[in-house]
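Chains G and B, in that order, give the protein sequences. Those letters in the first sequence? Residues 665 to 970, by the working numbering. Those letters in the second sequence? Residues 4 to 252, by the working numbering.
It is worth saying that the hints were derived from the structure and are not from the lab. Source: prediction; values computed, not measured. Take the hints with a grain of salt, since some may be wrong.
Here are some, though not all, of the chain G residues that point toward chain B, as calculated from beta-carbon distances under 10 Å [stated by the list, open to error]: (1) F680; (2) L755; (3) F785; (4) T808.
Note that the Cβ used here is the ideal one computed from N, Cα and C, for glycine as well.
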Amino acid sequence: MTLIHARGLVKRFGDFTAVDGIDVDVERGEAFGFLGPNGAGKSSTMRMIGCVSPPTDGVLRILDLDPRTDGPRIRARLGVCPQLDNLDIELTVRENLTTYARFFGIPRRVARSRADELLEFVQLTERADSKVEPLSGGMKRRLTIARAMVNEPDIVLLDEPTTGLDPQARHLVWERLFRLKQQGVTLVLTTHYMDEAEQLCDRLVVMDGGRIVAEGSPRALIERYSTREVVELRFHGESQDVFADKLAGLGERVEVLPDRILLYVSDGDAAVAEVHRRSLEPASVLVRRSSLEDVFLHLTGRTLVD
Amino acid sequence: MRSVLEYHLVGYRRTWRSSALSSFVLPLLTMLGFGLGVGAYVDGGVQGVPYLDWMVPGLIASTAMQVAIGDSSWPVFGNFEWMKVYFAQAAAPLRVVDILDGHLAFVVFRTVVSTGAFLGVAAAFGTLHSGWAVTTLGIAALLGLAVATPTFGYAASVHSDSYLAILFRLGMVPMSLFSGVFFPVEALPGVLRWVAYALPLWHGVDLSRAATLGTAPAWPVTGHVLYLAAWAAAGWWLAYRQFRRRLVV
């Protein structure tokens, strides 16, 4: 069953087009990702799906309902974890869940027991009665995720769920989200972390400048837009450029960066052997598997977008 | 809407002790300072009653206004700019109307509770002359709405909290000085008197004074009530527009 269906979806703010005609389908039980640099239109898309931002143009159906007319009915079945935590820092951890549950018309007694279960799930039971203010970033984020689950939603929307967290906190969040996925919850997330997308997403779209530039599973995208392996070479010297000519024809693509040269190849070791055969002596050599990051940078470029 | 009011009440449960203290201590101090201190210089009272008894209903109305504006300024601003609580509520199945009305209902609740505390202190000092004094609770609710709604709209439209200080200095303080709280508006020169008539506080003061002294108000009761209701309605519409502009983009 298709839970989210968008065709030619557009969001404009005055003259600025944030989302420029995208087609998306998200199926039940899927973990679906929107990837892209800052300003690609991910958050605007998420806000339209979250029914707090009316589409400017195009078709958008969520849970087979129209966000323009059925906003509250759709939101009743969504869980939203926004990019910036908007918890009430003066309430306790538990109160944040119970008061939020009431917005969904959940009876007080049910809200309390569900809050306890969710605190267990996000490992915050010990902090249930402490205020939110002194909690760490990772704890607040887990609480926000728990809050998004309070109405047992059909779809959970996560806007950059681990941005700003330390590695331990990130892994804990990933692990919890993976558990949700196993329970069959449909996850829709935005991220600019490639490892996050590879860890969590069954399928994703890469957005750039308000458009979708690629779509598929992480594996499929790597196969289509990159090679199996990447060789990273670093040469001593002023510039890497002078070595680029000598590497010509090696692999599918040679990319020269200010500090290193990347060879996109199917067999890394063979490529390294070829480098040595051409009497080149790089200061360092790294052979690694191609990642979604290579796809991302290839598709959206290396220029910094702010 | 009820669940939003409930949310604000849960927060209030954590702070009510300190706010209850100030809602008793503040009237007590003003009563002693103004009523007994200043009152001693006002020979023969005002309009035939002792100065303290004359001033108390004005103070009750002006306290209601201060609580209503105070609870509608920084808290509303903070819910947009700092804690972003409204955005969390907008992601739930609530409508903008629910978010706005739920918070307004809480502000009215706070206004009525503070007024009730003041009324209790005033009764203990024997300054209430009539059983109608009970209606000051309703008057406070209406006056509270009349000033809270435009404050909600204002607090939702500014992006720096220094604008809120301007509202206090240029709006609230002059309004409490020139609305017949401490002296009759008839003592004001013509133009300023009409400013007092135009602002909401004087209408609340005149109604409260009539209620606690058991006298007839300067304007017909319906006139006062309709005028305050008009402020509340216009203010609500402004607030709603600003809330929509911020929450649905």
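Okay, the hints, checked on the actual structure:
1. F680: Hint on F680/G: violated, closest Cβ of chain B at ~12 Å, above 10 Å.
2. L755: 6 Å, holds
3. F785: 20 Å, violated
4. T808: Since the shortest Cβ distance to chain B is 9 Å, the answer is holds.
When each numbered hint is compared with the structure, violations occur for hints 1, 3.
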